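Q: Take the sequence shown: its position 183, counted from the start at 1, is 182 in numbering that gives the first Met the number 0, and no numbers get skipped.
Each hint can be trusted.
Label pairs and their in silico Cβ distance ranges:
no., residue 1, residue 2, range
1, 111, 88, 18 to 26 Å
2, 73, 122, 24 to 32 Å
3, 111, 13, 33 to 41 Å
Computed cross-link-like contacts, BS3-like style, restricted to lysine-lysine with a CA-CA straight-line distance of at most 30 Å:
no., residue 1, residue 2
4, 101, 44
5, 57, 101
6, 63, 109
7, 101, 7
8, 151, 162
9, 148, 162
10, 127, 57
11, 127, 7
12, 101, 38
13, 44, 64
14, 160, 148
15, 127, 64
16, 64, 109
17, 127, 38
18, 57, 44
19, 64, 101
20, 44, 127
Simulated from the structure, these hints should not be mistaken for laboratory data. Every value quoted in this text rests on a predicted model; they were computed, and no experiment measured them. The beta-carbon is built from N, C-alpha and C at its ideal position, and this holds for glycine as well.
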Amino acid sequence: MISFKNAKIVLQNHEPGMNPTSEELAKVVMSRMGLEPRKSGSTDKMFRTLLEMYERSKAAHRDKKPELAVMTVEEMGAYAGITRQTMYDYLRRWLELNMITKTSYIVDNKVVIGYKLNGPTLEASFDKARQQVSNNLELTIRYIRELQKLIKNEKISQTQKEKSGADTVETPEQTPLATATLPPPSEVNGEVSG
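Work out the full structure, taking the sequences as your base and the hints as a guide.
A: Right under this line is the structure:
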């Protein structure tokens, strides 16, 4: 499981069957990327949203109208067979992976807010998601290296403490020099002043 800022991404190892249809392959891709619903009884049509986003992206690129690529949350939910509010719950994972981006456009003097693939094709969008996962793993390897250093340093420190404890010899308590009473200098030389 890969956990990003707010969402937990569960990458699964699903494989397509022989000669898969676009629907079956879309389901496999969604599952492998952690974008399929995880609750039993949830929608099994989430892949339709991905396919529609791809079709809209192609049309937008072909017609040179970027607004055609944008889907509102209501539209996304309708394709997935779920409510708008439930779709918002799933969008978090899509956004964390950078598969889609939030965007807005103006139609009939109204601002429409929606989402589109993060690239002109599914492959480009997937590359963004792959980079996001790769960045997460790169950060994790830095933490692992730091952890190894800390463990090594802690062991060295512990060994040194044990060694210094064994090397210390108990000596009788001595009077510190600052409080020691020294004979007068004349007695040291053998002279007695008087």
